[in-house]
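Next come the chains, spelled out residue by residue.
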Amino acid sequence: MQATYAASVPAGDYADDELLAKALSAREPGAFEFLLDRYHGQLLRLARQYVPSDAVADEVVQETWLAVIQGVDRFEHRSSLKTWLFRILLNTARTHGVKEKRSTPVAMTVDDDEPAVEPSRFRRFSLRGRGQWKVPPQPWSDPEMSALAGETLATIDAAIAKLTPDQQRVITLRDVLGCSAAEVCDLLELSDSNQRVLLHRARSKVRAAVEQKYAEGVQ
Amino acid sequence: MSATAYVCRQFVEDVTAYLEGALPDAVVVLVDLHLADCPHCREYLAQMRRTVEMTGALTEHDVDTMPDDVRRRLLRAFLESDQ
Chain A
192 MQATYAASVP
202 AGDYADDELL
212 AKALSAREPG
222 AFEFLLDRYH
232 GQLLRLARQY
242 VPSDAVADEV
252 VQETWLAVIQ
262 GVDRFEHRSS
272 LKTWLFRILL
282 NTARTHGVKE
292 KRSTPVAMTV
302 DDDEPAVEPS
312 RFRRFSLRGR
322 GQWKVPPQPW
332 SDPEMSALAG
342 ETLATIDAAI
352 AKLTPDQQRV
362 ITLRDVLGCS
372 AAEVCDLLEL
382 SDSNQRVLLH
392 RARSKVRAAV
402 EQKYAEGVQ
Chain B
655 MSATAYVCRQ
665 FVEDVTAYLE
675 GALPDAVVVL
685 VDLHLADCPH
695 CREYLAQMRR
705 TVEMTGALTE
715 HDVDTMPDDV
725 RRRLLRAFLE
735 SDQ
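Chains A and B are the protein sequences, given in the same order. For the first sequence, this note's numbering begins at 192 and goes up steadily by one. For the second sequence, this note's numbering begins at 655 and goes up steadily by one.
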C-alpha cells in the first residue's frame, strides 16, 4: 500500500505553492503532511488570539484543516497558500470567537496617544536639547543577548500576550508568521496606515519589554 | 523644518514607518541626517530590528505537535475527499 502513496513531487518542491497545490489536488499524502507540519503550529498561534482557551483553539484548527480539505480543489492562486490557510482559520476562529469570547468591535480603533517610549526618557526643559534622549537605550551586547536567548523569547511571547487584541493579531501575522503588510491589511481588513500604527505600537512595546528584561539580566 | 528640528522623541515614533519604507522622502532625509548624528537613535533602530528578528524566531520553538490520532484522522479525510 505504501507504494501507491509515493509522492511524485520531491518534498522539497512543496515549498513552491503551485507544485504543492497540484500535489494536494492529486491527494498526495506527503503534500498534506507537509502542510500539517509547516502550518499546524502557526494556525494554533493565530487561533489562540481569537478564542478564550487552548482547547477551543485546538478545535478551531481542526475545523480549519477539515475546511482546507474540503476546499483544496478550489484554491485559486490569487493569494499564497499560506494566506489562504490563514483566511480559512480566521473565518473559523471568528465564528467561535463570537460565540465564546466577548467580540471585539469590527472597526479597530487606533489609539494614537500611546508613546513608543516613556516621555520621561527625553529632555523636556532644556531649550537646545528638547526631545533628545535623557535616558538613552543601552546597547544590547550579542554575547549576553545570546546567553539570555531562551528567556528573551519567553519575554517576547509574554509581551505579545499583553498587547491589545488588534495589536497582537498584527504583530503575530507580520513578525511571528511572516506575512507582508499587504497580506495583513487584506486578512484583517485594515487600512495601510492602521496596520502600520498597530504594528508600531506592538513592536515598540515588545522592544521595551526586551529592554527591561535585558537590564535585569545584566545586573 | 530644518534638520536640527528632528528629534529623538520623533524618531521613536517614526521608526516603524521608516523600516516599512512608508515615510515621505523629505522625512527620510531628515531621519537619515539625524541617525548619522545620533548614536542613541542608531542603537534604538538596531534594537527594533533585533526585536523583529527575535519575534520571528518564536515559531522555531513552538512544540505544538498534533496528536497522532488527529493526524491520522485528518490524513484519512484528506485521502478520502477525492470524490
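You may find that some hints are simply not true.
Here are some chain B residues the structure puts well away from chain A; computed CB gaps all over 12 Å [to be verified]:
| no. | residue |
| --- | --- |
| 1 | E674 |
| 2 | D679 |
| 3 | A680 |
| 4 | V681 |
| 5 | V682 |
| 6 | L687 |
| 7 | A690 |
| 8 | M720 |
Chain A side only, calculated, beta carbon under 8 Å to chain B, not exhaustive [said to hold, decoys possible]:
| no. | residue |
| --- | --- |
| 9 | P220 |
| 10 | G221 |
| 11 | F313 |
| 12 | F316 |
| 13 | S317 |
| 14 | Q323 |
| 15 | P328 |
| 16 | V367 |
| 17 | R394 |
In short, the hints are calculated from the structure, not lab data. Only a predicted model underlies this, so the values are computations on that prediction, with no experimental measurement involved. Virtual Cβ for every residue (Gly too), placed ideally from N, Cα, C.
We went through each hint and held it up to the structure:
Annotated as non-interface, E674(B) brings its C-beta within 12 Å of a C-beta of chain A; the closest such distance is 6 Å. Chain A leaves D679(B) outside its interface by the beta-carbon criterion, the shortest separation being 17 Å against a cut-off of 12 Å. With a least beta-carbon separation of about 18 Å from chain A, A680(B) lies farther than 12 Å from that chain, consistent with its non-interface assignment. Distance check for V681(B) against chain A: the nearest CB is about 14 Å away, which clears 12 Å, and the non-interface claim stands.
At the 12 Å boundary, the C-beta of V682(B) stays outside the reach of chain A, the nearest C-beta of that chain being 15 Å off. The non-interface label for L687(B) is consistent with chain A: the shortest C-beta to C-beta separation is roughly 14 Å, beyond 12 Å. For A690(B), the shortest C-beta to C-beta distance to chain A comes to about 15 Å, beyond the 12 Å cut-off, and the non-interface label holds. Annotated as non-interface, M720(B) brings its C-beta within 12 Å of a C-beta of chain A; the closest such distance is 5 Å.
With its C-beta approaching chain B no nearer than about 6 Å, P220(A) sits inside the 8 Å limit, and its interface hint holds. For the restraint placing G221(A) at the interface with chain B, the shortest Cβ-Cβ distance is roughly 10 Å, beyond the 8 Å limit, so the hint is violated. A distance limit of 8 Å between C-beta atoms decides the matter here; for F313(A) the minimum to chain B is near 4 Å, and the interface restraint holds. Interface hint status for F316(A): violated, as the beta-carbon distance to the closest one in chain B is roughly 13 Å, over 8 Å.
Violation of the interface hint for S317(A) is found here, the shortest Cβ-Cβ separation to chain B being roughly 12 Å, above the 8 Å cut-off. For Q323(A), the shortest C-beta to C-beta distance to chain B is roughly 5 Å, which falls under 8 Å, so the interface hint holds. Interface restraint check for P328(A): the shortest CB-CB distance to chain B comes to about 5 Å, inside 8 Å, so the restraint holds. Nearest Cβ of chain B to the Cβ of V367(A): about 5 Å, under the 8 Å cut. The hint holds.
Taking 8 Å as the C-beta contact cut-off toward chain B, the hint placing R394(A) at the interface holds, the least distance being around 6 Å.
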